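There are 2 protein chains.
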Amino acid sequence: MVNIDQYLQEKRGIINAALLKQLPDQAPSSLSDAMRYSLEAGGKRLRPILTIAAAETISEIDDSIVNLACALEYIHTYSLIHDDLPAMDDSNLRRGVPTCHCVYGDAMAILAGDALLTLAFATVACYGQMEGNATKAAEIATQLSEAAGMNGMIGGQVLDLEAEGKDLTVQEVERISELKTGALLRASVICGGIAAGAAESELGKLKIYADNIGTAFQIIDDLLDCEGTTEELGKPTGADLEKAKATYPALLGTVKAREKAIELYEKSIIAVKELKYDTEILEGIARKIIERKS
Amino acid sequence: MVNIDQYLQEKRGIINAALLKQLPDQAPSSLSDAMRYSLEAGGKRLRPILTIAAAETISEIDDSIVNLACALEYIHTYSLIHDDLPAMDDSNLRRGVPTCHCVYGDAMAILAGDALLTLAFATVACYGQMEGNATKAAEIATQLSEAAGMNGMIGGQVLDLEAEGKDLTVQEVERISELKTGALLRASVICGGIAAGAAESELGKLKIYADNIGTAFQIIDDLLDCEGTTEELGKPTGADLEKAKATYPALLGTVKAREKAIELYEKSIIAVKELKYDTEILEGIARKIIERKS
Numbered sequence: 001m002v003n004i005d006q007y008l009q010e011k012r013g014i015i016n017a018a019l020l021k022q023l024p025d026q027a028p029s030s031l032s033d034a035m036r037y038s039l040e041a042g043g044k045r046l047r048p049i050l051t052i053a054a055a056e057t058i059s060e061i062d063d064s065i066v067n068l069a070c071a072l073e074y075i076h077t078y079s080l081i082h083d084d085l086p087a088m089d090d091s092n093l094r095r096g097v098p099t100c101h102c103v104y105g106d107a108m109a110i111l112a113g114d115a116l117l118t119l120a121f122a123t124v125a126c127y128g129q130m131e132g133n134a135t136k137a138a139e140i141a142t143q144l145s146e147a148a149g150m151n152g153m154i155g156g157q158v159l160d161l162e163a164e165g166k167d168l169t170v171q172e173v174e175r176i177s178e179l180k181t182g183a184l185l186r187a188s189v190i191c192g193g194i195a196a197g198a199a200e201s202e203l204g205k206l207k208i209y210a211d212n213i214g215t216a217f218q219i220i221d222d223l224l225d226c227e228g229t230t231e232e233l234g235k236p237t238g239a240d241l242e243k244a245k246a247t248y249p250a251l252l253g254t255v256k257a258r259e260k261a262i263e264l265y266e267k268s269i270i271a272v273k274e275l276k277y278d279t280e281i282l283e284g285i286a287r288k289i290i291e292r293k294s
Numbered sequence: 001m002v003n004i005d006q007y008l009q010e011k012r013g014i015i016n017a018a019l020l021k022q023l024p025d026q027a028p029s030s031l032s033d034a035m036r037y038s039l040e041a042g043g044k045r046l047r048p049i050l051t052i053a054a055a056e057t058i059s060e061i062d063d064s065i066v067n068l069a070c071a072l073e074y075i076h077t078y079s080l081i082h083d084d085l086p087a088m089d090d091s092n093l094r095r096g097v098p099t100c101h102c103v104y105g106d107a108m109a110i111l112a113g114d115a116l117l118t119l120a121f122a123t124v125a126c127y128g129q130m131e132g133n134a135t136k137a138a139e140i141a142t143q144l145s146e147a148a149g150m151n152g153m154i155g156g157q158v159l160d161l162e163a164e165g166k167d168l169t170v171q172e173v174e175r176i177s178e179l180k181t182g183a184l185l186r187a188s189v190i191c192g193g194i195a196a197g198a199a200e201s202e203l204g205k206l207k208i209y210a211d212n213i214g215t216a217f218q219i220i221d222d223l224l225d226c227e228g229t230t231e232e233l234g235k236p237t238g239a240d241l242e243k244a245k246a247t248y249p250a251l252l253g254t255v256k257a258r259e260k261a262i263e264l265y266e267k268s269i270i271a272v273k274e275l276k277y278d279t280e281i282l283e284g285i286a287r288k289i290i291e292r293k294s
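Those sequence lines, one after another, are chains A and B. This note's numbering applies: residue 1 is where the first sequence begins, and numbers increase by one. This note's numbering applies: residue 1 is where the second sequence begins, and numbers increase by one.
Since the hints were derived computationally from the structure, they do not count as laboratory data. Given the structure is predicted, the values throughout are model-derived calculations rather than measurements. Even glycine gets a Cβ: it sits at the ideal position worked out from N, Cα and C. Any given hint might turn out to be false.
To be clear about the criterion: a stretch of chain A counts as covered by chain B if any three or more of its residues have a C-beta under 8 Å from a C-beta of chain B, and this derived list gives those stretches [what the hints assert, rightly or not]:
id: 1; segment: 25 to 38
id: 2; segment: 82 to 94
id: 3; segment: 101 to 110
id: 4; segment: 118 to 127
So the derived list for chain B, only partly shown, Cβ under 8 Å to chain A, looks like this [to be verified]:
id: 5; residue: I14
id: 6; residue: N16
id: 7; residue: Q22
id: 8; residue: A27
id: 9; residue: A125
id: 10; residue: A134
id: 11; residue: E139
id: 12; residue: L159
Bound-form chain A, shown alone (with noise of 0.2 Å):
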């Protein structure tokens, strides 16, 4: 029987390690301070380990899925980084630490969010550059791309910053949710898959899991919104309830929203069963999205 508290906190340390020996030293310094400053604010690393925990579900894995899972945390970082700024949702905290605007300024914030989303895109062609990686690396790539994207989580944040103060339904809730955090969260365990070879129907597994997964952590992040304090998220809380968004909880109330993220996690374990592998880590980690306080 896997720990998994202690499988996520050796796989922390390894991307962890691994992002930051990516970032190219040339760089004017302001620029990879700025970068770093964001990525060692801390993080669950929660999309790079589900691309590693997929891949190494499938097959054996070597240092290369270490360095292209770190293409899912430079994304997830940066996009945090461009929702912070103030012309977004003009957030000061972030992770426990002021956000990367309020440190280095609004433009150098601007840059290092964008430098960030093509180190991404360089990652995976470094892994693409390697022997038979070339055509898995543009699948990777493509799935990258449309789940960071104007259909994906760019998308998803324009809808809601249309949708503060409207009243949305619960389809349009989901929808919003998907992009903005699903479709990220589904890419970083396809993209695991097809990197380890996975065949075209154990993808369609991985992503029924994935999918689930990512509405059911959306809806944890909205509970821990309403319910958490500021020192136990390391941001300030409540932001939701005042800008009006709609989120789960608000519009099922707290009780129903938990049941409706325990039904999404039993599906994603159904789904995840039916591989032919030891499917051990990718429950516990769904386990975790359910249970995190923070």
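Let chain A serve as the given structure and place chain B on it in line with the hints.
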């Protein structure tokens, strides 16, 4: 003898159509409107034309190279949108029309830029998923991400922001110009060469050509900023002098700066003439770069 003006006009038409065709239409309409607005605001399409011209010089090309070439214009357009933001250069006019953030607001301009950068890599990934292109796509994505990233265009923008009001040497001005403008122009040429299957030695000659026209392009840009009118250029002029930005004309004087541009043009011609192909188009483009009035 090729009519270079006719060539440029024809390619511009082909590129303009391809640029919009690759914008996915499911995205939130406000986002795709902002992206389309900046793409349609005009521009010489120099970068994708260089990609196509370099590829055509080496071998026969098909539509996949035209689509690929759009990646260069997506990156260029994203960089203009972000550079124009109030937090950066704070420009209200670009290509003769109000800048993206003036029309769509800062948040949407940030997201439209992010989406165009992502679309650039989606475009390369799509090219890479076509039969026989995967290895070339990995090389192209590497070139593009280096040219656009923290050691290329973004790094140059950081140095440029940090240089305002400081006295720079010619070497420092050259370094900023090489990063901000030269890197992406060079990548435009190189990516076309890679897509057309150019040999390493041929890519070397294309690189020298591109390096020289890249710097020449920047010198002419600076000269136009000193000498041109807002009407001719479609953007405010004299802005560099006002901000005490170190430019070639400011450092060398306009006469010596123009002489340097011509010298670089001549070097670019020598390099490209060493290729065993008909290089009339590439030579014509170099000539247009130093003759341009806007």
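The hints, checked one at a time:
1. 25 to 38: With 7 residues closer than 8 Å to chain B, the segment 25 to 38 of chain A meets the three-residue bar; holds.
2. 82 to 94: Since 4 is at least three, the answer is holds.
3. 101 to 110: Result for this restraint: holds, n = 5.
4. 118 to 127: Held - the segment 118 to 127 of chain A has 7 residues with a Cβ nearer than 8 Å to chain B, which meets the minimum of three.
5. I14: It is violated, given that the least Cβ distance between B/I14 and chain A is near 23 Å, above 8 Å.
6. N16: Cβ of B/N16 sits 19 Å from chain A, so the hint is violated.
7. Q22: Check failed: Cβ of B/Q22 comes no nearer than 11 Å to chain A, outside 8 Å.
8. A27: 4 Å, holds
9. A125: Because about 4 Å separates B/A125 from the closest Cβ in chain A, which is inside the 8 Å limit, the hint holds.
10. A134: 4 Å, holds
11. E139: Holds - the Cβ of B/E139 comes within 8 Å of chain A, reaching about 7 Å at its closest.
12. L159: 6 Å, holds
In summary, the numbered hints that this structure violates are 5, 6, 7.
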